[in-house]
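Turn these sequences into a full structure, and let the hints steer you where they fit.
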Amino acid sequence: MTFLFDLLAATLRNATPLVYGTVGETYAERSGVLNLGIEGTMYAGAFAGFVTAWATGSPLIGLLAAIVVGILSGALMALMTVTFGANQHVSGIGLTIGLIGLSEFANRLVFAGGELQRIEPMPAVNPLAGLGPVASVFGQYGLTWIAFLVVVPVAWWVLQRSSFGLEIRAVGENPEAADAAGVNVVRTRYLALMIGGALMAIGGAFLTLALLGSFTLDIIAGRGWVCVALVIFGRWRIGRGVIGALLFSLVFSLQFRLRILPEFAALPFELLLALPYLVVIAALALSGRNVAYPGAYLKPYRRS
Amino acid sequence: MRFSPWSTPVLVAAAVLITFAITAGPIIVAGANPIEAYAAYLVVPLTSQFTLLEVLVSATPIMLTGAAVAIAFRAGYWNIGAEGQLLLGAIAAAGIGTLVGGLPPVLALPVMVAGGALAGAAWALVPALLRIRFGIDEVVTTLLLNPVALLLVNGLLHGPWRDPETGFPESPRIAISAEFPTLIDRSRLHLGFVLALAVVAIAWYVLARTPAGLRLRAAGLSPHGARFAGINVSRTLLGAALVSGAIAGIAGVSEVAGIQNRLTGGLSPGYGYTGIVVATLGTLTMPGVAIAAVFLGDLTVGASSAARSLGIPSQLGAVVQGVLLLTTVALLALRRTRARRTDAGDAGSVSGDIAAEAQPG
Chain Y
1 MTFLFDLLAA TLRNATPLVY GTVGETYAER SGVLNLGIEG TMYAGAFAGF
51 VTAWATGSPL IGLLAAIVVG ILSGALMALM TVTFGANQHV SGIGLTIGLI
101 GLSEFANRLV FAGGELQRIE PMPAVNPLAG LGPVASVFGQ YGLTWIAFLV
151 VVPVAWWVLQ RSSFGLEIRA VGENPEAADA AGVNVVRTRY LALMIGGALM
201 AIGGAFLTLA LLGSFTLDII AGRGWVCVAL VIFGRWRIGR GVIGALLFSL
251 VFSLQFRLRI LPEFAALPFE LLLALPYLVV IAALALSGRN VAYPGAYLKP
301 YRRS
Chain D
1 MRFSPWSTPV LVAAAVLITF AITAGPIIVA GANPIEAYAA YLVVPLTSQF
51 TLLEVLVSAT PIMLTGAAVA IAFRAGYWNI GAEGQLLLGA IAAAGIGTLV
101 GGLPPVLALP VMVAGGALAG AAWALVPALL RIRFGIDEVV TTLLLNPVAL
151 LLVNGLLHGP WRDPETGFPE SPRIAISAEF PTLIDRSRLH LGFVLALAVV
201 AIAWYVLART PAGLRLRAAG LSPHGARFAG INVSRTLLGA ALVSGAIAGI
251 AGVSEVAGIQ NRLTGGLSPG YGYTGIVVAT LGTLTMPGVA IAAVFLGDLT
301 VGASSAARSL GIPSQLGAVV QGVLLLTTVA LLALRRTRAR RTDAGDAGSV
351 SGDIAAEAQP G
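Top to bottom, those sequences are chains Y and D.
Counting in our numbering, the first sequence runs from 1 upward without gaps.
Counting in our numbering, the second sequence runs from 1 upward without gaps.
Don't read these hints as lab results, they were simulated from the structure.
All C-beta atoms in this analysis are idealised placements derived from N, C-alpha and C, irrespective of residue type, glycine included.
Accuracy of the hints is not assured; some may be wrong.
To be verified - DEER-style ranges, computed between Cβ atoms:
| # | chain 1 | residue 1 | chain 2 | residue 2 | range |
| --- | --- | --- | --- | --- | --- |
| 1 | D | R308 | Y | A181 | 56 to 62 angstroms |
| 2 | Y | F3 | D | F50 | 53 to 59 angstroms |
| 3 | Y | G182 | D | A229 | 37 to 43 angstroms |
| 4 | Y | V279 | D | E165 | 34 to 40 angstroms |
| 5 | D | V111 | Y | V154 | 42 to 48 angstroms |
| 6 | Y | S58 | D | L125 | 38 to 44 angstroms |
| 7 | Y | R161 | D | P9 | 49 to 55 angstroms |
| 8 | Y | N174 | D | R341 | 19 to 25 angstroms |
| 9 | Y | V186 | D | Q49 | 50 to 56 angstroms |
As structure tokens, then:
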């Protein structure tokens, strides 16, 4: 039983950065912009959050710094793809290369000595402590609680039920019609990318500020690409994307626990880890022509 | 030819200058003089024979991935998967390289290169088929196969291919006859560089001078127009995707046979992604790719020497690459917008937002 509770707790914990990233990428894509800058934005969020928390002694200020970096990253992606109308894939890859480079550059400057610096990480909170072994599942970081209880429902409500969300979906589906209906396409895409960027950066900062309490190179390790996959797996719906994040995290957490056991030492866990990617590709293949991409996916908008 | 401020060479030069103006910021923060720094990045590596050859060593893999990306992009096929295709080529080379010990190099090397090319093409096949058959966006599928390829490498290195002698996660050393010979004594410059130049030259010829190249460019500029002209666009895309994967695979062979002599986890520090920078900076032309690869190779060697001489962390090289990619693609987009405003009309073009060819006149 303890194994199961530990596994569930780890699943929620490891899903947290993916949930922030997936919700953030969903906002970008629903507005019509594929943001491949996500990997770099998460990386920059992780570093900016850590270095600020280290300098000020406050993880909360670190989190704010990460949010600012995420908003700026989203704004830069919007400048490239919305204002300049530049190619979205290439812009996103450029953003990722540049932000990872800049974070590692700053890391070398600030921590020139090279020894691993640590901060006091954000504590876990357990409102259900004392309910026996099952309570250990709920001993989670504040950012995990916020992800599942605040960010996911609010992000869903805003996107599906608010007029701002309707505008985001409209400019992502049919910008010409949205423009004709008086929606400011440029402003809406900027906002969607900036909100998305902030969420991605929080996802990255969760790793340094809560989970690890330190910054190491390659800390994001492809989590941003996983989020890009999860958005499609979830068919651009927030709820389904979060379910995908939980499934991915379950596989990830399970292999992490099994591989230290001698009975399972021979299992090729790398192949297990590759499964989520392959599942997404297989899901795309099986749904075939019925994959409903946002109508204006990858298309810059120009008034003609 | 009339001088235009929007001609490709001027535009690329402007992108480089704007990039250097932007990256002067971090250089100043690092406490160095930007002018000195850029001299160290670009000029110093060219001043000694050893570093000059190292520039070409650094240019080799990214010239290949750059050519791979450029060919796909020219066809309007957004292959973001050169990284994974490179790793598959490396796996094939490391596998074949240990088996061909009995063969003379003149047989072993072509077998290895062909095997790597096939492996890279195979890795590119599924996304290409999904795109052609179901219209599934290849950007995401090619991208997602990159981490899968890396997991495959790590799975092999932690499992069946772990070095039996040292226990390190490295594959056994390939046979001597499978190693690429060095071109110049006491340097690391190897046969892979000649291979990269040959690939670029052949690709240039095919793109510019053959019907297949014409079909590929036509498909990229306007799929509808190409279809109207009787071109089988699906088959053209499939061909471009497979050739692109094969060339990226050769880049992996080149790194295994020329540098590492085995499969290692850190074989590629993102050469596939740098290929996107090279291809874009070279505006998807083969001469452009060759020049851009040497330029970025120069920058890479300069960045590591400037880290020692000026104390600027070598990671600035990656910052320059990212900013350069953003500036180039932004300027190309602005040129396209401007062309459309003057009614040159390439609105249906797929590859046109990067390719030099989209420039009217």
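Going through the hints against the structure:
Distance hint check: the CB atoms of R308 (chain D) and A181 (chain Y) are about 59 angstroms apart, consistent with the given range 56 to 62 angstroms. Distance hint check: the CB atoms of F3 (chain Y) and F50 (chain D) are about 57 angstroms apart, consistent with the given range 53 to 59 angstroms. Checked against the hint of 37 to 43 angstroms, the C-beta distance between G182 (chain Y) and A229 (chain D) comes to roughly 41 angstroms, which is consistent with it. Hint check: V279 (chain Y) to E165 (chain D), Cβ distance near 37 angstroms, so the stated range 34 to 40 angstroms holds.
Checked against the given bound of 42 to 48 angstroms, the beta carbons of V111 (chain D) and V154 (chain Y), roughly 59 angstroms apart, lie outside it. For S58 (chain Y) and L125 (chain D), the hinted distance range of 38 to 44 angstroms is not satisfied, since their beta carbons lie about 51 angstroms from each other. A hinted range of 49 to 55 angstroms for the beta carbons of R161 (chain Y) and P9 (chain D) is consistent with their spacing of about 52 angstroms. Between N174 (chain Y) and R341 (chain D), the C-beta spacing of about 23 angstroms keeps the proposed range 19 to 25 angstroms intact.
The supplied range of 50 to 56 angstroms is met by V186 (chain Y) and Q49 (chain D), whose beta-carbon atoms lie about 53 angstroms from each other.
Of the numbered hints stated above, those contradicted by the structure are hints 5 and 6, listed in ascending order.
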